[in-house]
Each structure stands twice: as C-alpha cells, then as structure tokens.
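Q: Given next are the chains, with one letter for each unit.
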Amino acid sequence: EDKVVQSPLSLVVHEGDTVTLNCSYEVTNFRSLLWYKQEKKAPTFLFMLTSSGIEKKSGRLSSILDKKELFSILNITATQTGDSAVYLCAVGLSDSGGYQKVTFGTGTKLQVIP
Amino acid sequence: EADIYQTPRYLVIGTGKKITLECSQTMGHDKMYWYQQDPGMELHLIHYSYGVNSTEKGDLSSESTVSRIRTEHFPLTLESARPSHTSQYLCASSEYAGVGELFFGEGSRLTVL
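Just so you know, the sequences run in chain order X and Z.
The opening residue of the first sequence carries number 1 in our numbering; numbering runs sequentially from there.
The opening residue of the second sequence carries number 1001 in our numbering; numbering runs sequentially from there.
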C-alpha cells in the first residue's frame, strides 16, 4: 500500500521563526513529490521535485528531496502570520496498471502567532 | 490562473436523492482526479482518469461513480445520497506528460440530511 506520512501533524511558532516540515513516503513507481499549501479553500501548488539533492526555492520557502532515504523537507524562514495553513505533501506515482495518480499525506497544520 | 470549475459549490440534499457534482477544465489536460476531504482531514483520492473513456478507482473506496466522455468534463455521481457522503469533494487536473502540478477546483461541499 502506498503511504505518505507527514510530521509534525501540527506546529505553533512565533513570527520570525524558521520551521521545517517533514514528508516521508513508501510507494512503488515514484514519479514526483509535490508540496501544496491549503488555507480555507483548495490546495495551491508550491513545489514539484523529481531529482534528489536539488533544492527548489521560492522566496522564504524552499524544499529538497532525498530519493535514497525517501523523504522531503519544506523549510519556511522568517515565518509570517500569512504562512498559517495546512501544508500538504503529495507523491505522484504510477499504479500497477501504469496509470498515474497522486496520493496526499495527512498534512501539517502550521499556526504562526504574532 | 487555473481554469477548472466545479458546480455546485454548496449542496444540501435529503437522503436517497441522486446527485451529480460537475467538474470542467479548459486546459486540455488528460489527467483528472476526484478527492474527498472531511474538515481538517487529509485528501483521499476516490477516482481518477487517464483520458477519455478511462476511469480508475482511487485509494479510498467510494460509492460514487464517474465518467469521462469528453476531455474537459469529469462528473461524479451518487445514485442515492446518505449522511455518510457528507464531505467536501475536490476536482483536479494535470497535464499528460509526467506527474506534475495538480490544478484544483474550488470544491463542492455536500451535506446530506
């Protein structure tokens, strides 16, 4: 069974702190790892990673993938209250029939307090 | 901005009714997905489609059914709604080549009384 596990499940930090969110996976036929941010509505895309060791960066957010150890981290530096959201990790994979699907983890709920 | 639309956004309906949640995208994407998400909980894949006339069941068993007669349209149907079907249903699509970014619709929040 394909599995995507995120930790911690929830986190409360103060503005200006740096946070690291973790995502580990056990899947067959891995294709990609994706990070999303979900506030009240639908998830919004942050990063897609397919190669080990290459950091993706966008402003204060960055992410890296380790395909050997089967995990990824999402870093947020100098957190702001607007970063409060659920951060979702997802893995794109091919199923037994060769069809491609995306499986999500449980999410990490981040709350940034002033 | 993603061009993927879901209707209705909100639906309150009685037990036993048949409902169809509509999902349409104008990006020409071959792959489309339905996810179910309860408040504060994770997204569960319930159906996906590789292209026209291709549909597969997802990781979470669901009594709903889907069809893909046209590339842009991926409706989800519940023949007889029950209170256990109360949830948010999110539709998404992605491009054919590889497994890339999912573009999500705004969601359909279903309440079955």
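Hints may contain errors.
Here are some, though not all, of the chain X residues that point toward chain Z, as calculated from beta-carbon distances under 10 Å [what the hints assert, rightly or not]:
no. : residue
1   : Thr-44
2   : Leu-88
3   : Asp-95
Derived coverage of chain Z by chain X (criterion: at least 3 residues anywhere in the stretch with Cβ under 8 Å from a Cβ of chain X; other residues may be distant) [to be verified]:
no. : segment
4   : 1019 to 1029
5   : 1042 to 1048
6   : 1051 to 1061
Below are the DSSO-like pairs computed for lysine-lysine, each with C-alpha atoms no more than 30 Å apart in a straight line [unchecked claim]:
no. : chain 1 : residue 1 : chain 2 : residue 2
7   : Z       : Lys-1057  : X       : Lys-37
8   : X       : Lys-56    : X       : Lys-67
9   : Z       : Lys-1017  : X       : Lys-3
Calculated directly from the structure, the hints in this document are not laboratory data.
Ideal placement from N, C-alpha and C gives every residue a C-beta, glycine not left out.
Q: Does the interface hint hold: is X:Leu-88 within less than 10 Å of chain Z, judged Cβ to Cβ?
A: 7 Å, holds
Q: For the pair supplied as a hint, Z:Lys-1017 and X:Lys-3, confirm whether the alpha-carbon distance does not exceed 30 Å.
A: 35 Å, violated
Q: Just to make sure I understand the rule, a stretch counts as covered if three or more of its residues have a C-beta closer than 8 Å to a C-beta of the chain. Does the segment 1019 to 1029 of chain Z meet that for chain X?
A: Since 0 is below three, the answer is violated.
Q: For the pair we were handed, X:Lys-56 and X:Lys-67, check the Cα-Cα distance against 30 Å.
A: Distance ~15 Å between X:Lys-56 and X:Lys-67 Cα, so the pair holds.
Q: Does X:Lys-37 sit within 30 Å of Z:Lys-1057, going by the straight-line distance between their CA atoms?
A: The given pair, whose Cα atoms are some 25 Å apart, holds under the 30 Å limit.
Q: For the segment 1042 to 1048 of chain Z, does the count of residues with a C-beta closer than 8 Å to a C-beta of chain X reach 3?
A: holds (count 5)
Q: Quick check on the hint: X:Asp-95 CB to chain Z CB, less than 10 Å?
A: 7 Å, holds
Q: Would the stated hint for X:Thr-44 survive a check requiring a Cβ distance to chain Z of less than 10 Å?
A: 8 Å, holds
Q: Tell me if chain X covers the segment 1051 to 1061 of chain Z under the three-residue, 8 Å CB rule, please?
A: Coverage by chain X holds here, the residue count being 4 at a Cβ distance below 8 Å.
The structure does not agree with the numbered hints 4, 9 stated previously, though it agrees with the rest.
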